[in-house]
Every structure is written in C-alpha cells, then in structure tokens.
Amino acid sequence: MPIDFSLTEEQKQLQALARRFAKEVIMPVAREYDEKEEVPWPIIEKLHEVGLLNAIIPEEYGGMGLKMLDEVIVGEELAYACMGIYTIPMASNLGITPVLLAGSEEQKARFLRPLTEKPALAAFALSEPGNGSDAAALKTRAVRQGDHYVLNGTKMWISNGGEAEWVVVFATLNPELRHKGVVALVVEKGTPGFQAVKIHGKMGQRASGTYELVFEDVKVPVENRLGEEGEGFKIAMQTLNKTRIPVAAGSVGVARRALDEAKKYAKEREAFGRPIAEFQAIQFKLADMLMGIETARAYTYYAAWLADQGLPHAHASAIAKAYASEVAFEAANQAIQIHGGYGYVREFPVEKLLRDVKLNQIYEGTNEIQRLIIARHVLSE
Amino acid sequence: MDLSGATLILDQMDEYAVEEALRLKEKHGGEAIVVGFGPERAEEAIRTALAMGMDRGVHVVFEGFADPVAVAEALVPVLQEEAPTLVLTGGQQADWDSQALGAALAEGLGVPVVAWTTAIELEGDTARAKHDLDEGAEWVRVRLPALFTTQQGLNEPRYPTLPGIMKAKKKEIRKVQAEVRPKAVLLSEEIQEKARLGRILDGKDPVAAAEELVRLLHEEAKVI
Amino acid sequence: MVLVVLDHDGNKLRKGTLEALTRARRLAEGLGEKVAGVLLAEERAPLEEARKYVDILYTATLGPYTAERWAAGVLAAAKEGAKAVVAPSSRQSRTYLGRVAYALKAGLLEDTLDSSLEGGEVHATRYAYLNRVTQRVKAPLPVVLTVKPNTTPLAEPLGTSAEVVPLSVPQVPTVEVLERVAEEKKGVSLTEANVVVTGGRGMGGPEAFKLVEELAALLGGAVGATRAVVDAGWRPYGEQVGQTGKTVQPALYIALGVSGAVQHLAGMNKSKYIVAVNKDPEAPIFKHADYGIVGDVHQVLPALIEAAKKLKD
Chain A
1 MPIDFSLTEE
11 QKQLQALARR
21 FAKEVIMPVA
31 REYDEKEEVP
41 WPIIEKLHEV
51 GLLNAIIPEE
61 YGGMGLKMLD
71 EVIVGEELAY
81 ACMGIYTIPM
91 ASNLGITPVL
101 LAGSEEQKAR
111 FLRPLTEKPA
121 LAAFALSEPG
131 NGSDAAALKT
141 RAVRQGDHYV
151 LNGTKMWISN
161 GGEAEWVVVF
171 ATLNPELRHK
181 GVVALVVEKG
191 TPGFQAVKIH
201 GKMGQRASGT
211 YELVFEDVKV
221 PVENRLGEEG
231 EGFKIAMQTL
241 NKTRIPVAAG
251 SVGVARRALD
261 EAKKYAKERE
271 AFGRPIAEFQ
281 AIQFKLADML
291 MGIETARAYT
301 YYAAWLADQG
311 LPHAHASAIA
321 KAYASEVAFE
331 AANQAIQIHG
341 GYGYVREFPV
351 EKLLRDVKLN
361 QIYEGTNEIQ
371 RLIIARHVLS
381 E
Chain B
1 MDLSGATLIL
11 DQMDEYAVEE
21 ALRLKEKHGG
31 EAIVVGFGPE
41 RAEEAIRTAL
51 AMGMDRGVHV
61 VFEGFADPVA
71 VAEALVPVLQ
81 EEAPTLVLTG
91 GQQADWDSQA
101 LGAALAEGLG
111 VPVVAWTTAI
121 ELEGDTARAK
131 HDLDEGAEWV
141 RVRLPALFTT
151 QQGLNEPRYP
161 TLPGIMKAKK
171 KEIRKVQAEV
181 RPKAVLLSEE
191 IQEKARLGRI
201 LDGKDPVAAA
211 EELVRLLHEE
221 AKVI
Chain C
1 MVLVVLDHDG
11 NKLRKGTLEA
21 LTRARRLAEG
31 LGEKVAGVLL
41 AEERAPLEEA
51 RKYVDILYTA
61 TLGPYTAERW
71 AAGVLAAAKE
81 GAKAVVAPSS
91 RQSRTYLGRV
101 AYALKAGLLE
111 DTLDSSLEGG
121 EVHATRYAYL
131 NRVTQRVKAP
141 LPVVLTVKPN
151 TTPLAEPLGT
161 SAEVVPLSVP
171 QVPTVEVLER
181 VAEEKKGVSL
191 TEANVVVTGG
201 RGMGGPEAFK
211 LVEELAALLG
221 GAVGATRAVV
231 DAGWRPYGEQ
241 VGQTGKTVQP
251 ALYIALGVSG
261 AVQHLAGMNK
271 SKYIVAVNKD
281 PEAPIFKHAD
291 YGIVGDVHQV
301 LPALIEAAKK
311 LKD
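Protein chains in written order, with our numbering: chain A, 1 to 381; chain B, 1 to 224; chain C, 1 to 313.
Hint data in this document are derived by calculation from the structure and do not stem from the laboratory.
One thing to keep in mind: the hints can contain errors.
Below, in silico cross-link-like pairs of lysine-lysine (DSS-like), each with a Cα-Cα straight-line distance of 25 Å or less [stated by the list, open to error]:
#1 A:Lys264 to C:Lys246
#2 A:Lys46 to B:Lys169
#3 B:Lys171 to A:Lys12
#4 C:Lys287 to B:Lys222
Listing some non-contacts, in silico: residues in chain A with all C-beta distances to chain C over 12 Å [unchecked claim]:
#5 Met156
#6 Arg178
#7 Gly227
Remember, predicted model here, so these are calculated numbers, not experimental data.
The C-beta atom is built at its ideal place from N, Cα and C for all residues, glycine as well.
So that you can see chain A by itself, here it is in the shape it has in the complex (with noise of 0.2 Å):
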C-alpha cells in the first residue's frame, strides 16, 4: 500500500470548515470562559449545527460517520482556538465510544440518535478519588437485583459529567475478581441518587466542566449494561487505546498556537536594536517548537490511520499522546519565555495554553501509563 502524505478533498474542506469555527466561533471568547469557568453552551450549539458534535457517530444513527483522522483534524483546529472548549465534543465522543464497541444494536440506537439531534453531550467515568492510575483497583459497586444493578460510589474528574445526557459508568460486581469484575453501565442524566458536583479551581481547561458524580442507590436497567458482566474493564481500555488519539491532536493545536503566538511576537519585539526573531537563542526556540509539532502530527496521523485500517494500535496511540502532549507542554513552555515578561500575564494568550496543556499529560491516562504501555509492546515482541 503507498504512503500517502496528503488529505483528500473532504477532509481539507473539513479542517477548513474548523479552522473557520475555531477562529470567527471560539478565539474571540475562549478567554472568557476561562476566566469564568463556565460552559460554552453557545459554541457547543454552535458546533452542533456545522455538524462538528459527536460526529463519530455512524450515519445509521444519524450521526456524520467521521473516521478518526477526520477527528484528529477537526481537533487540532479546535485546540488551536482551545484545549479546553475542544475538551467538551472530545469527552463526548469518549462516552460515546464505549457504547459504539460494545453496545447493542438496539442500545446504539437508543444512546446514539438522541445525541445527533440536539446539541447534547455524552461523558465516560471511570476515574474515582482513590484511583486513576489504577483502573481496575475502582470501587464503584453494582449489585445486580433482578432486572436492574444498584450502583453505589463516587467517580472523579468526569468531563462533561455535570452536562451530559448519560455517562457511561464502570462499576464493579466483585472487587475480588478485579478487572474480571467490572461492567459498562449507562447512567441517564436525572436518575434518582445520581448527583453531579462540579470541581471547582481547575489550573487550566476551565472551559470544560469537570465534575465529581455520586451514585446513592441508583438503579441502572440491565438493558442499559453495555457487554456482558465482567467485560466492562475490556470495554474502558478498548475505549482508551482510540479516544488517546484525538487527545493528541490536541496537543499539536495546542503547540501550533503556541508557535504561532510566539512567531508573531518575536518578530515584533525588539531588543539590542533588532527583532528578538534575529537571535538564535529564540530561533532555536521556535526550531524545536515546529520540530515537536511535525512529528507529533505526523505520528498522531499514523495511530490515526491504524485505529481507521482496523489495525492493532494500543502503542501507537500511547506514544502519540504521550509524546504530544509533552511536545505541546515544552512548547507553551518557550512560547512563554520568548514572550518575556509579557508571557506571565493573563492579557497575553500564552500563559493559558501551558495551564490547559498540562493536563493532556494527566488525563486519558497519564503519560506514565502511557509509558508503560508501551514498555509492555517493547517487551512482548
């Protein structure tokens, strides 16, 4: 099969379409919502009627049936303006996944069509407070009774969690029996004793709503469990290995704004008579920055185009986010400096792309998973 570097006609015409948004849609505000943590509400009806929203969602369920390279070019656009507004459709894609892999016919129709016809968001918890890392260590119980599960426990750090017209919990029926205890169960918005609590004070991405959920004796359908019991811990991972991917697009818009922002003020300040643009400290700077972004998305394209081909990508979507993200830290990083003082200060746009990028080391599985990951493909070969 040839290599192919270059996008087809649709896909140009998308990321143009989410550049264009991007620009005229989210830069113009992105600063405000961040300053007041809140919910872009506007942008996210917005996005709903370009057609941007939950957009993986196949066409049989009304949904626009993008491929994860399409995702991948509408996220870098959408970072660009925003990691953290991009945050939003991107963790609703991450709760839409898990029921597109393990979900019933009747269950994608139920979950999915809902969410194509109005703008309404999706999210995926897995994390609690005493466990990230540890995924299968989680202690959200779900007892089964009859025809329903009992689901007690508290989840933490749930984009979108607070907004979303269901989330897709992973409880666990056994503790015991650890990752060959857990199962997918889709939680509706409104359910009595399901309680969102937004966390409040986030560094960065404040745009997005992160949130603590508390399940107090929710009874959740058995129609409404996703796979079969036992398979939940499967499902969340399956869902990972893809939804790492548009994270790292992300972080190359993340790293392209930051390079841009940076370009821009090096060749208008001066210093020793001269643009700070002719020095080669700040050359080399704004070198490693584009040597970051050009790799990154080069190989996010690639665990891209392996998730599309239907071809084994768990590495390959690790190192793409691990390697992004800390690509786009370092380059946020130097965006700052090169902007001197005038980079410490909220006015100018530099200082947020650090404080939002940071988390894309951290969720989604931190880097140090990541690491691991890939540890474990390097030594079963």
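Put chains B and C on the given structure of chain A with help from the hints.
Then chains B and C, alone, in the frame of chain A:
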C-alpha cells in the same frame, strides 16, 4: 509573487452571492448553480459553495491571468446555456480587486445589473432590490432575468456544515474548457514591502506640523 | 479620439474628473488624437465648465442614473471613434464602464495609479489582493481606463471652448428607480474601514474622543480605542484594536496618544500607512510609524481636523 502553493478559497464577496442564491431557492424553489472560473485547483472553492448548499457546479477551467472582460466573455455562453432567472456575483473580486465582472457579464447577457445590492425581494417576473450608489442608496424594480452584485449587509453567509460537505461529495461539477482571449496582460506583481517610513515631525508648532502631516498624507502617501 | 467621462455633481465637475482629464491628455498626445468629453446628466450638468477642458463635448440628458443608461450614453459617444475611454474611479463608473468595456471588447484597466502609452499599448499600475499587491498591467487599444482618486495632478482649462454635440442615446432595458435613500452615516465598520483613528490613554479622558470622532468622520473612517481606554470605560469594547480586540488593516491608521505597546501593534501593524501623534519621542509607536508628530495631542488633533477640513474643500 508565487501563488503556486496557495489554496484558492471562495471569495468573501462571492459568499454573499452564494448565500443569497441559497436563500432565494429556499424561499422560492428552483435550482442554485455555482459557476467558477479559474485553474483546476479552484475546484475547492466551488466545492465550498456546494457544501453551503448549491445544487451543482460548473467549472470553467483556465490557468493564468484573465481580465474581467475576458472572463465575462468566457462565462456568457455558459450562463446562456443555463438560462438563469438571476445571476449573483460579488461586488468586487478579492484577487484582482476588480468591480467589473458583474457589469461585464450583464452586458454580455443583455440584462440589467444592480450593483452593490443590500436587499433582494422576488415578485414573480420582477425583483425589488436595494443597492448602493456613490452617495446613498436606492430601491429599484427590475424585470428578470437580471444580474446582482453583492456585498456585506446583504446577508450573513452560512457555514459549509459537515453534512453539507458530505453531500457536496456527490454533487456534480461540470468541467468546461473555455475560449478565453485576455486583452489585458499582467506584466508584474509585487507584494508591497512593509518597512515603515519613519517620517516623524516636530510638533513644537502644532498647527504647522498638522498641516504638513495632512499634506504628506494627501500628496505623498495619497491616502486621504 | 480619447474619450473622457466627465463626472460631476450637477453644478461642478468633480475633482476626479480633472485627474482623469490629465491622464486622457497624456494618452491623446502620445496617440496624436483629440480629447473628447462625454457629459451625461440626470437633469443638470456644468456645460460651460466642461467645454473648457476638452476639444469636443458630447452631451445627453438621461434622467435618473442607471448603469445601463450611462453605459449607453458612453457607448454612443465612444462610437464616434474613441481609442480609449478614461473616467474617474467610483463604484458607479466602475459598474457602467464594465458594461462599456465588454461592449467595446476593450482592455479594462481598473482603478489605476498611473498610466502611459508604450509601444502603442496602454501600461498602468494598480493594486490587487485587497490593496496588498502592486500590479503592472498593459492592454492594446481600445482601452477602458479608470483613474484612482488622488493619484494625478488636476488638468487646467485649455483656454478654448469646445463644440457641443448632443448625443442620440438609444433607450435600453434597465431598472426602474423607485426611491432614493440618503444614507444616514451608519458608522463605518472598524474591520472594513479604509481609515481608522484610534485614541489611546494619552487622550486624557472620554470627552477628548469627540475630536477623535470628528477626525474619523472627516476622513470617512472608524474610531478605534486601545485596551487601556476601554478598561478605563471611556470607549466600548467593540472599538478595541489589538491583541484582545479587533485586528484591522486599513489604508490609513492614525494613533493618537497611543504608546505603541506590542498588544496594540498586533492589532494594526498590517495597516498600509501608520501615523502616530504622541508627546513622548521615545514612544515605541514611532518605530512603527510611517509619519508622525511628536507633540501634545490636545493641540495637534484640533489642528489636524482644521487641515483635513481645508483639504476637503
């Protein structure tokens, strides 16, 4: 100046034309056709119009520089074949900064031109429209078919949505080779340099300095 | 002959017409041709004044302006043997001359900065790509040429009075003019304005902005503000130019009492011409200015307004 790597996008002024065509079609029915003139890679701009909702496209393919009159001459037979009720185009082309295309097309088609339109209402065989003059504006009534040139204020162009982009994949773009006989020849093109002049005057005598500044802006910079 | 379209306001020839005449005379001289004028009127026209500037004057009274009527009028005159049609640039002239150029199968040279005859062809300079590129173009005769305002010296009267030839202009299908509307000057949009006049902290307070508005109105432009001014509540956020406001690219950007902080520059440094007035000679804005005055903005601004008013007349 080298455009070989540049992406050719739908001219912003033409976006108003596309949007108006879509609105008129949504209100009154009919077919909305987008006609583009330019090199192969201009097809992307036509696709954008299709993604916005135009029904089909015609691409008159031509590489190189062609003045608006030559472009109009090439497009007139294509348009006559389509026999449109209305023709819409941007008031000014963002590449050559030309305002002539609409008028030249109208002349070739033998129809009136309403330039710099800010409102159109169809009334059966005629249309009522508001358009700008050099000073002020006017309402006119015109028998259809007629040609309208468009500008900001006519409407708010819609986004080519993702569903639109996917539908556009299946829409037809008919390619036509054109007889183009440019009369104007482009000799050279240069991007203007941005080095600042740095002509700073002493304002001790503010009136004299102000007068000198205004003189410079008028005579040297020719910008007022 | 070289035909000039004589634009007027009913009473006087417009300034642009005198520029077009200069260009037409240069072409006519090179071609060994006469200069003819075509004077089209809705009702009235400055006949005696027009006769002083051309060798022969074609006239017609056509009723309300429409592009088709004016095109028909120009074509009726051009049929008398025009090798070139020259007119001052305006939206209207560029519209009806688009029709004329097509009808004559002429080379169209629009909104030119200069024009000359070389080897029997007309060469001209003009802007393209939204004023960012300078083009040199040429076309063989016949040519339709429009003249950009403020590019050419004004023609003097010839000292003679031309023969007047009334034209017979055919009726043409055209629009029916229903109602003319004098536009209330709805403010020019900041991002589309050709001229932006911005006031900074150096203006001292909100009242001083009345003069900023006056200068902007005189120059047909929009008012801008720096972030400091908006934060202070003197002007609305919609006028903010800069990093966290709007980015503008007018032909002329005038910064009054603006220091030139990077945040502000980011929003306007692609302007064609930047003018700065500031009392501090070390203000960073001067490094980015084409023209400037080091002085007290409260004294310079009124003087600028006076000078601009004088220019308008």
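Legend entry - Violated hints - listed by number, lowest first: No numbers; nothing is violated.
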